[in-house]
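Just so you know, the protein sequences line up as chains A and B, in that order.
If you read the first sequence in this note's numbering, its first letter stands for residue 1, the second for the next number, and so on.
If you read the second sequence in this note's numbering, its first letter stands for residue 1, the second for the next number, and so on.
The set of hints was computed from the structure by calculation and includes no laboratory data.
None of the values given here were measured: they were computed from a predicted structure.
Hints should not be assumed to be uniformly reliable.
[What the hints assert, rightly or not] Some chain A residues well away from chain B (every beta-carbon gap over 12 angstroms; in silico): (1) Asn-12; (2) Val-188; (3) Arg-190; (4) Leu-210; (5) Arg-258.
[To be verified] Output of the computed footprint for chain B on chain A, the stretches with three or more beta carbons under 8 angstroms from beta carbons of chain B: (6) 71–85; (7) 124–137.
Built from N, CA and C at the ideal position, the CB exists for glycine as well.
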Amino acid sequence: MTGILVLEQSLNGLQFGLMLFLLAAGLTLVFGIMDMINLAHGSIYMIGAYLIASMALASGSFWLGLALGIAATAAIGALLELTVLRRLYQRDHLSQVLGTFAILLMSNEVVRMVWGSQPIALNPPAALAGPVALLPGFSYPAYRLFIIAVGLAAAGLLYLMVTRTRLGMQVRAGASNREMALAMGVDVRRLFTLVFAMGAGLCALAGGMLGPLLAVQVGMGESILILAFVVIVIGGIGSIRGALLGALLVGVVDTAGRTLIPYVFERIMGPDLAANAGPAVAAILIYVLMAAVLFFKPQGLFPAHG
Amino acid sequence: MKTIGLKSLHFTLTAAAALLCLAGPVHASDKVKVGMLSTLSGPGAGLGIDIRDGFNLALKHAGGKFGGLPVEVIVADDQAKPDAARQTADRLVKQEKVDFMTGVVFSNVMLAVGKPIFDSKTFYISANAGPSQYAGAQCNPYFFNVAWQNDNLHEAVGKTVQDKGFKKVALLAPNYPAGKDALAGFKRYFKGQIASEAYTPLSQLDYGAELSKMRASGADAVYIFLPGGLGINFIKQFVGAGLSKDMTLFGPGFSADEDVIRAVGEPMLGMFNSSQWAHDMQNPVNKRFVADFQKDYGRLPTLYASQGYDAARLMDAAVRDVKGKLDDKTALRKAIAAAKFESVRGAFKFNTNGYPIQDYYLRVITKDAQGRITNRTLSTVFKDHADAYVGECKMPAL
């Protein structure tokens, strides 16, 4: 029984971690390469989820909705970069925070106006709605397995892109030394727009994947944005590898904490106290993890800046 | 650079927390003013919207007047956030000077807004939240609950699960006052083994970790108290994980009413749940309520809508009884406590702590004659049931 519990929780942690990675990848690149704090990242995730949900409902096909929604969100991301964010690169971080925070507030209101304040229910495709028997006596939701597969594929493709392509080389150059990359003739403007659009597409992918598990609602971006920041701080800002490791760490620690801490507390202090203390401690566990990582490695696990 | 990044992040989070509440006012006189402070956004929005719509329908049935006086309803969204709700409640009682307050869905919000409302000597008619605190030690003459005390529906399922002979039950509720009340109520009547007991944050929508624990616990039944969007997600994920084959799912009416059925559909069939009301109750008031609710809003009403409807009917009766003299608090309190209105659930009266004494029913989700998936009332679990906290209530003077 416990073997199955550990296996199932590891899969849950992996699934959650990979989705955090999709969000954190875009965030860390924008932060690392453009030296830009983008609080509107969570809003792009929300807009992506809404676009995918409404296109999936309108077309009746989850897959079509997913594809169209990702493309549309990437386009919105590029547009946002070209019109607004580009003007913020030269400013200090405070202006960037205020500017992108304004975008966050505006997106919330726009989404509320367009879709209303009640959440939209997005259902997983019928083929993936049921359980899959992985071991005798242990079945796991097919949709969560699918999320893991998509997350791994996206991480693999990103890795190939960053390490094997010309674009990836420019991205890495920009992340480790922006001025030098500029001096070597990298077309930074085009690069920034591309990176931003890609980050937006990844956000939409995460939004579409998580939509059926969570709820597509106004404000969904804020809570997950905080986790994404935790991930990139743990992983080291600007590093894709760090983002992946940080995301998996946060995913696994959070999931394990929700199981183990109430269990341990119940042994120590009895069920009544544990019912109060357990969930509270489990909820702050990842922040304790972040503090611990920063204490030993102030630059994060894999700092991109030499 | 990194330090600046982190500092800015902190700054932003603080700023974000500070910048999240506002709404818009209007005012007049010689009328009954009702502050409808309810949850109209987020996963709990369906509940607040049903309370509001039920309330408005009763107002329409009463010709837009309570006891002959025109009614102004000021609707505000509490966003299910206690801090935001408290500010709005302050504004409603101090600036708008409403005569009644109602609408709060969640008990943590209720406990936050109670004090300013009671301090301003405004009557609060709860159409949902029924925290044990206000039923027992902290009972207040300005608080009435026209729905139930939080424990009640859970007590009814606890008794049902016990009577059906289940031995090992896994429990799950959100980590907030009503979640604690819920599982306390369930355990008051279920005497078997508790295989696992978990409390999740009210904002949590992914139950992967909890489902794994339930599977490992080897329970033969699962009891959840997850209202609105939380229940919708849980039941979908429960079925998706294949647990519905090994464990029988029970819930209160909150996890098995029309809002959840609409979103989940077929997998809900056969789920037992409890309620103080059902749309198939055969009294004339209820028939009119159900028929007109469907006509006006194009959906079957939930228990929340029935509670909103009854809250308005109670106010109507009380205002009529005091002949519109809303400033005579003693008379108004007496009129409310008398509960001289016809409730959609049939017999209804208030206990000394301002909470109901009423019957509770067992319902099951089936396909009805028209092929709709909906609730059917099976039996009465409790007759004239009072809450467990009334003995602790020493009602203070007005």
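Status of the hints after comparison with the structure:
Against the 12 angstroms criterion, A:Asn-12 falls within the reach of chain B, whose nearest CB is about 4 angstroms from its own CB. Every Cβ of chain B is farther than 12 angstroms from the Cβ of A:Val-188; the closest lies at roughly 18 angstroms, confirming the non-interface assignment. Consistency note on A:Arg-190: stated as away from chain B, and its beta-carbon is indeed over 12 angstroms from all of that chain's, at 24 angstroms minimum. Listed as a non-interface residue, A:Leu-210 fails to keep its Cβ farther than 12 angstroms from every Cβ of chain B; the least gap is roughly 8 angstroms.
Not every beta carbon of chain B lies more than 12 angstroms from that of A:Arg-258, the smallest distance being close to 4 angstroms; the non-interface claim is violated. Counting residues of the region 71–85 of chain A whose C-beta sits closer than 8 angstroms to any C-beta of chain B gives 0, which falls short of three, so the coverage hint is violated. A stretch counts as covered by a chain when three or more of its residues have a beta carbon under 8 angstroms from one of that chain; for the region 124–137 of chain A and chain B the count is 5, and the coverage holds.
This entry does not satisfy hints 1, 4, 5, 6, going by the numbered hints stated previously.
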